[in-house]
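Undergrad: Sequence:
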Amino acid sequence: MKNNKEIYEKKIKYYTGLSSKISRAINTISLSRLILGIFIIVVSIIAYKYKTKYIPKAILLLSVVSFIYLVVVHRKYRNMNKYIDILKDINTSALKRLSGEWIEFNDKGNEFIDGNHRYSGDLDIFGQGSLFQWINCSNTYMGRESLAKILNQSYPETYFCKESINKRQEAIKELAGKLWWRQKLQAEVMSTIKEDKDKIELLKWTNSKNDMYSKPWIIFILRLLPIVTITTIILGNLLDIIPKYISLLFLCVQSILILINSKNANIESNLAYKYQKSIKAYEKILSHFEKGRFSSSYIKALKVKLINNNGLSVVKQLKRLETIVDNLLNRNNIYFLPINVVLLWDYQCMISLDKWKRQNGILVGVWMDVIGEIEALSSLSNIQHDYPEWATPIITEKSSVFEGKSVGHPLITNKQVCNDISITEPSRILLITGSNMSGKSTLLRTIGINLILAYSGAPVCAKYMKTSVMYIYTCMRTSDNLEQGISSFYGELLRIKSIISESKKDKQIFFLLDEIFKGTNSYDRHIGAKMLINQLYKNNAVGLVSTHDLELGDLEKENNGNIKNYHFQEHYKNDKIHFDYKLREGVSTTRNALYLIRMAGIEEI
1 MKNNKEIYEK KIKYYTGLSS KISRAINTIS LSRLILGIFI IVVSIIAYKY KTKYIPKAIL
61 LLSVVSFIYL VVVHRKYRNM NKYIDILKDI NTSALKRLSG EWIEFNDKGN EFIDGNHRYS
121 GDLDIFGQGS LFQWINCSNT YMGRESLAKI LNQSYPETYF CKESINKRQE AIKELAGKLW
181 WRQKLQAEVM STIKEDKDKI ELLKWTNSKN DMYSKPWIIF ILRLLPIVTI TTIILGNLLD
241 IIPKYISLLF LCVQSILILI NSKNANIESN LAYKYQKSIK AYEKILSHFE KGRFSSSYIK
301 ALKVKLINNN GLSVVKQLKR LETIVDNLLN RNNIYFLPIN VVLLWDYQCM ISLDKWKRQN
361 GILVGVWMDV IGEIEALSSL SNIQHDYPEW ATPIITEKSS VFEGKSVGHP LITNKQVCND
421 ISITEPSRIL LITGSNMSGK STLLRTIGIN LILAYSGAPV CAKYMKTSVM YIYTCMRTSD
481 NLEQGISSFY GELLRIKSII SESKKDKQIF FLLDEIFKGT NSYDRHIGAK MLINQLYKNN
541 AVGLVSTHDL ELGDLEKENN GNIKNYHFQE HYKNDKIHFD YKLREGVSTT RNALYLIRMA
601 GIEEI
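For the sequence shown, position 160 (counting from the first letter as 1) is numbered 160 according to the UniProt record's numbering, and the numbering increases by one without interruption.
It is worth saying that the hints were derived from the structure and are not from the lab. Note that this is a predicted model, so its numbers are computed, not measured. Some hints could be false.
[To be verified] Listed below are the simulated BS3-like cross-link pairs for lysine-lysine, each with C-alpha atoms no more than 30 Å apart in a straight line:
id, residue 1, residue 2
1, LYS507, LYS518
2, LYS199, LYS319
3, LYS108, LYS463
4, LYS209, LYS303
[As the list claims (entries may be wrong)] Computed beta-carbon distance windows for the label pairs:
id, residue 1, residue 2, range
5, ILE260, ALA301, 43 to 51 Å
6, LYS13, ASN540, 51 to 59 Å
7, TYR572, GLY177, 44 to 52 Å
8, ALA301, LYS398, 24 to 32 Å
9, ASP506, LYS13, 52 to 60 Å
10, PRO156, ARG358, 25 to 33 Å
Beta carbons are placed, not taken as given, at the ideal position from N, Cα and C, and that holds for glycine.
Input sequences plus hints: build the corresponding full structure.
TA: Below, the structure is given as C-alpha cells:
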C-alpha cells in the first residue's frame with residue numbers, strides 16, 4: 001500500500017507531464033494560427049488584387065473557419081492547462097502539509113484572531129504557525145469562516161454535542177476516502193475566483209428587492225411595449241402599411257424609459273459584475289456536491305438543504321441567476337444599446353432578477369452555509385486521509401473524562417514526543433511541574449488542540465483518546481494592553497475571573513493554566529495559585545496547571561490525591577542540557593534556571 005507522500009508525488013509527476021504535453025500542443029496551435037493568419041492575409045490580397053473568382057474565395061473562407069476553430073481550441077487548451085496547474089498546486093500543498101512546510105502557507109486566518117477569545121490566542125488557532133494555517137483548504141469566504149467557527153467553537157452548543165460530533169466523524173471519514181472529489185472541489189473554486197468576497201454584502205444584494213419590478217401591471221406594460229414597437233417597425237419600415245413616425249415615436253418613448261431606469265440598472269449591473277465570478281464558483285461547488293454520492297447522514301442532511309421551496313435544485317437556480325447576470329451585463333457593451341432600447345432589455349433583466357431574488361434570496365444564506373460546511377469538512381478530512389494512524393476519539397457522556405494514549409502535538413510535524421494522559425474522577429486536576437523549556441506549555445497546548453480536533457469531528461494525534469464534551473478555557477499568554485490601561489497581571493486576573501465565573505455555571509469546564517500569577521511576588525503567587533486550584537476543583541472543573549512553584553505539589557496530599565502531580569525533567573551530558581519531554585508522575589526535582597542564566601553570559605561577581 002502506497003503512503004500518502006508517494007500518492008501526492010505521483011500526482012505531481014503526472015500533472016507536470018500532462019501540463020508539458022498540453023503546453024507543447026498550445027505552442028503548436030499558436031504557430032499554426034500564426035501561419036494560417038499570414039496565409040489568410042496573403043490570399044485576401046491576391047483575391048482583391050487579381051479579382052480571382054471562386055477558388056481563392058473558397059480557400060479564404062475555409063481558412064477563416066479553420067482560424068476560428070484554432071482560436072477556440074487554443075482557449076480550451078489554455079483553460080485545461082490552467083486547471084491542470086491548479087491540481088498540481090493542490091497536491092504540492094498537500095505534500096508540504098505532510099512534510100511540515102505548511103508554515104509557508106499564506107492563509108493564516110488572521111481576520112479571525114480575537115484577543116478576548118477563551119482559548120484561540122493561547123492555543124495558536126489562528127495566525128502564523130496556527131492550526132488554521134495547517135488545516136485550511138477552503139477557498140471561499142464561507143469555507144474559511146465555517147472552519148474558523150468550528151475551531152473556535154462559535155457555532156451553537158448543539159453543534160458540539162456527542163451526537164453531532166459522531167455524525168461529523170462519519171462524514172469526515174467518508175470524505176477522507178474521496179481524495180479526487182476533494183481536490184476537484186478545491187480546483188473548481190480556484191479556477192474561477194482568486195479571492196472570494198465577504199458573504200454579508202452578497203446576501204444583502206440577493207435579498208434586496210424593488211417593488212416596481214414585481215407589480216403585474218408594470219410587468220405587463222414592459223413586456224407588451226417591445227412587441228408593439230417591433231410590430232410598428234415591421235409595419236412601417238418594411239411593409240409601409242403604417243407611417244414610419246409611429247415606430248419612431250415608440251422608440252423615443254422606450255429610450256426615455258431606459259434613461260429613467262438607467263440609475264437603477266447601473267447600480268444592479270455593478271453589483272452583478274462584482275459577484276459574477278463568486279456566483280459561478282458557488283454554482284460549480286454545489287454542482288460538484290450535488291453529483292457526489294454519499295452515505296453519511298450528516299452530508300445527506302446538507303444535500304437536503306439544496307432544494308428551494310418549489311422543489312428545484314440550487315444548481316438550476318444558480319445557473320438561472322448566472323444567465324440573468326450575464327444578460328444584464330450585456331448592457332455594458334455599447335453595440336448592445338439599440339437592442340436595449342428596442343427590447344427594453346434593462347427592464348426585462350431587472351424583472352427577472354427581482355423575481356429570482358423573491359423566490360431564492362432568503363435561501364442564499366442557507367446555500368452559502370452548506371458551501372462553507374462542506375469546504376470545512378473537506379479540510380478536516382485531509383487529516384484523516386494524511387494520518388490514518390491517528391485515533392478517532394471516543395466521545396463519552398460521562399463528565400470529567402480525558403484519557404489519551406501516545407498523545408502528541410499535531411502541529412509539530414513528524415517530530416512529536418507523545419505522552420499518556422489520564423484525567424478521571426475524582427482526580428480532575430493535574431499539576432505539571434518542571435524546569436524551563438522542559439515541555440510544560442507544549443503539553444498544555446497539545447491537549448487543548450487535540451480537544452479542539454476531537455470536537456470538530458477530526459482524528460486526533462494519539463493512538464487512543466476518550467473525552468467528555470467540555471468548554472475549553474485557557475490562561476497562558478497575557479500581555480499589557482496600553483489602550484485599555486491594563487497590565488499583563490491584571491489581564492491575567494480578568495481571564496481567571498472569567499474561568500471561575502464560568503465554572504460556577506451548569507456546564508463542564510476544561511481549563512489550561514500556564515504559570516499563573518507570574519506577575520507578582522512568590523508568596524502571593526503561591527497563596528493565590530493554591531486558592532484558585534482549590535476553587536476550580538470545588539466547582540467541578542477539569543484541567544491542567546503548569547507551574548515552577550514546587551510547593552504546590554503539596555496539594556496532592558492535602559486533597560487526598562484528587563489533584564495529581566506530574567513533571568518533566570532534563571539531564572546534562574558534556575555540559576549540555578537535554579530534554580526528553582516525557583511526562584512522569586510526581587513533583588519535579590530538577591532546576592535549570594541558573595544553568596540557562598550562565599549560558600546567557602551572566603556570571604557571578
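Undergrad: Give a verdict on every hint.
TA: Now for the hints, and whether the structure bears them out:
1. LYS507 with LYS518: holds (28 Å)
2. LYS199 with LYS319: The hint holds at about 19 Å.
3. LYS108 with LYS463: holds (28 Å)
4. LYS209 with LYS303: holds (28 Å)
5. ILE260 with ALA301: 43 to 51 Å: Because 48 Å falls inside the window, the suggested range holds.
6. LYS13 with ASN540: 51 to 59 Å: Holds, since LYS13 and ASN540 (Cβ atoms, about 56 Å apart) stay within the stated range.
7. TYR572 with GLY177: 44 to 52 Å: Given a distance of about 49 Å, which is inside 44 to 52 Å, the answer is holds.
8. ALA301 with LYS398: 24 to 32 Å: Given about 27 Å between the Cβ atoms, the range holds.
9. ASP506 with LYS13: 52 to 60 Å: holds (57 Å)
10. PRO156 with ARG358: 25 to 33 Å: holds (29 Å)
Of the numbered hints stated above, none is contradicted by the structure.
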